[in-house]
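Protein sequences appear in the order of chains W and U.
All the letters of the first sequence, read from the start, carry residue numbers 427 to 647 under our numbering.
All the letters of the second sequence, read from the start, carry residue numbers 939 to 1146 under our numbering.
Keep in mind that the hints were calculated from the coordinates and are not lab data.
Predicted model, so just to flag it, every value in this text is computed and none were measured.
For each residue, glycine too, the CB sits at the ideal point set by N, CA and C.
One thing to keep in mind: the hints can contain errors.
Claimed, not checked - If we take Cβ atoms under 7 angstroms as the criterion, some of the chain U residues that face chain W in the derived model are:
1) 988
2) 990
3) 993
4) 1009
5) 1061
6) 1125
7) 1130
8) 1131
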Amino acid sequence: MRRALLASLLLLAAAPAEAQLARRLGDPASSRRERAESAPAASLGLGRRLDPRPGARRPRRGPEAPRSGRGPGPQIQLGYAFYRVSDGYGGGDVHAATVGVFLQLPLPELRVGLLGEVGSHDYSLGGDDLIARGGLELGVQLLGLLDPFVPHVVALASVGGIVGTRFETTVAHAFGGGGLGLGGELRLHRNLHAGFQVSYQRLEMDGAGFDVFHLRLFLGL
Amino acid sequence: MPCERIGRPTSALERACAGLGQPPSSWPACAAPFSTLLVSSLLGCAPSGEDPLSRLSVYEPPGGEYRLRYLEPPWELVDGDGTSAYVRIASSSMIFGGIDGGAGKFDLFATVESGTVEANVAAEVRAASARGEELVDGPRDVEAEGGVVGREILTRGMADVVERHGRYAFFAIPDGRVLRLAFDATPPVDTPEVDAMIAALGVGPEGP
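Bound conformation, chain U alone (with noise of 0.2 angstroms):
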């Protein structure tokens, strides 16, 4: 179903009931595709879960120029609007106390910037200066899907009494532009999970 993955998130869920032609919005209204998943699991359709890649949800903008993949739930997508995207972690605050607003556990924004990888870094950790942050570690080498190779800065800083971890990388696409990726979160962001999520960032137009 390649229709289903330009300008909008696929999901195992999404991709099961898209099959039948029927909205995802209840569990009732796909259990009918989640059989035919079963079914086809059964009979070895279903992509191998030793693929990492298999389990994870993908925001693709419709110029292709990156594949977004991330694990839904906990991540979710908020907007994806041309080459942005927007997809985060709900907080504890978010999820208990009903607050639609404010920095989530993990916010991360996807967006298509101009210039070089090497200029954007070097705005970036100018920016973070500006805003009173801390450079943890970098600018490192980063890897994502494929072997393409990025640029990325750590940092560190308070957001009211909350300490932040920032994680920017860059990879340089098609065009003379630069993809980057701002990783905004409570925990810490230097982890494996998040080497693992950039590690499936699909960089530039996917290949044939």
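Okay, chain W solo, but in the shape it has when bound (with noise of 0.2 angstroms):
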């Protein structure tokens, strides 16, 4: 037992004399694998960590487990969207701002979002309405597939609600639904990112249905 310890301790003691010696006599590959041990652990999004080395080539699979162990954090999204909720008289055009929030736990490849959406919708017989959106989107991306893009797929519930006036009074009406969404994130440099995503939902109000094909283009963190 005493020897075993004694053994183990040798061994550790001799590792950073190993690697010493290897840079004084030049060894690229130790150097290389000494930066790269010693370099801080920064978190890329997108459930990768950034590498220091400009133009080094990063793993093809597999997320790398995060140093602190902790998951990667939050991506914050900003971004703006595209759709049409039918006024039934040939308008229904939305322009809104959106921001959302996406965690990758507990696996990098899962991504669990929240969606927030403000903007004007079209009514064609009278002024433009308020409308008001949130999504819970859940589902996965594919990590290192198309490095630096990672597609993902998510299924999608919304609820929301328009304001608008009619016949010279206020009103609001409410809507909600879900659907599916497939898009992407291009990492542009560390964690920020441009992104999109097209989806369909069916969304109901007022007893109608009403089928929803979204974009959404972002920016991210």
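From the two separate chains plus the hints, produce the assembled complex.
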């Protein structure tokens, strides 16, 4: 037992010495390994870690476990959305500002997100309405497959409301529904990424059903 | 649920609740029907929102003389008795002052009269003049659901110190009778919204 403990201590003590020796001798593999190991762990987002060496190749598959033991932080995205909730008279276009936050827990391949939107809804027979929508998305993203592009597919659930003027009177109508979304994020620099999502949702409002095709463009950190 | 549409108004809320035999008196009581409605919508069973009639409530007299469609809210059915119906949008004094009488922001009366369309239009012009109202436009053609053409006039007058706008439309219905729609409102009534409301009016018995 004592011999085993002594051998372990000697090995641990010899490792830095070996690295120093290799550096003195100009062993490039050892030098790179040492720099990589001593680099600080920086979360890149989208389930990946920042590699500090410019131009370095990232591993093709498999997310790296965060050094701190926690998962990657939330991704915050700001963007623009366009879709159409028909008003029955040829109008219904929606232009909205969006904010989204998603987490990659418990696995980087999984994503759970919250979305919020506020915008204008075109009403053919009068002035524009105010529309607000909140959504929950749950899906998967493919890491390392098309690096630095990270595609995803998610299931969506939405609730919201339209506030507008009908016959000179302010009224509000609630809606809700769900659907599927496809999209992806392109990593630009560190955590900065640009992305898009197209989705189909079936919404219900006042007993009527609406087929809503939704486009969202965003920048995120 | 065609039986729900005879002699009484039907709204999306009522239709959803009636579907499961629950009164539409409270939101919690209607949670289940709305869940059903949402699921049916997701499955594609709900009427398409592309159809402007899909979100409107309907009042249809027992005889099926007409189908008055209105967006609820802001419109509400105040009275529906036989061939007559009264729907309105409450005024601010009604909403915030607790006043339950007087003119609403919009009042709409639907009645069935005897005679011809032209005779009723002429009588309405005379009556408007007698009330001190100014004839703003008409008589002119107006179109209801299915391309049914009627005649209408537009008037303007004063009620106390408030200017009121009138729009009176007449459509021929079977048995030599005439359907009279009378809008009386503080805001103008020669608007796309009122045009659309008249265009959604079903005149005569509903087709098969």
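Going down the list of hints, with the structure as the test:
Hint on residue 988 of chain U holds. Least Cβ distance to chain W is approximately 5 angstroms, under the 7 angstroms limit. Among the interface hints, the one on residue 990 of chain U holds; its C-beta lies about 3 angstroms from the nearest C-beta in chain W, closer than the 7 angstroms criterion. The criterion of a C-beta within 7 angstroms of any C-beta in chain W is met by residue 993 of chain U, whose closest approach is roughly 4 angstroms, and the hint holds. Interface restraint check for residue 1009 of chain U: the shortest CB-CB distance to chain W comes to about 6 angstroms, inside 7 angstroms, so the restraint holds.
Contact between residue 1061 of chain U and chain W, as hinted, is not supported at the beta carbon level, the nearest pair being about 28 angstroms apart and thus beyond 7 angstroms. A distance limit of 7 angstroms between C-beta atoms decides the matter here; for residue 1125 of chain U the minimum to chain W is near 4 angstroms, and the interface restraint holds. About 4 angstroms separates the beta-carbon of residue 1130 of chain U from the nearest beta-carbon of chain W, less than 7 angstroms, and the hint is met. The interface hint given for residue 1131 of chain U is met, as the beta carbon of that residue sits about 5 angstroms from the closest beta carbon of chain W, less than 7 angstroms.
Checked against the numbered hints above, the structure violates only hint 5.
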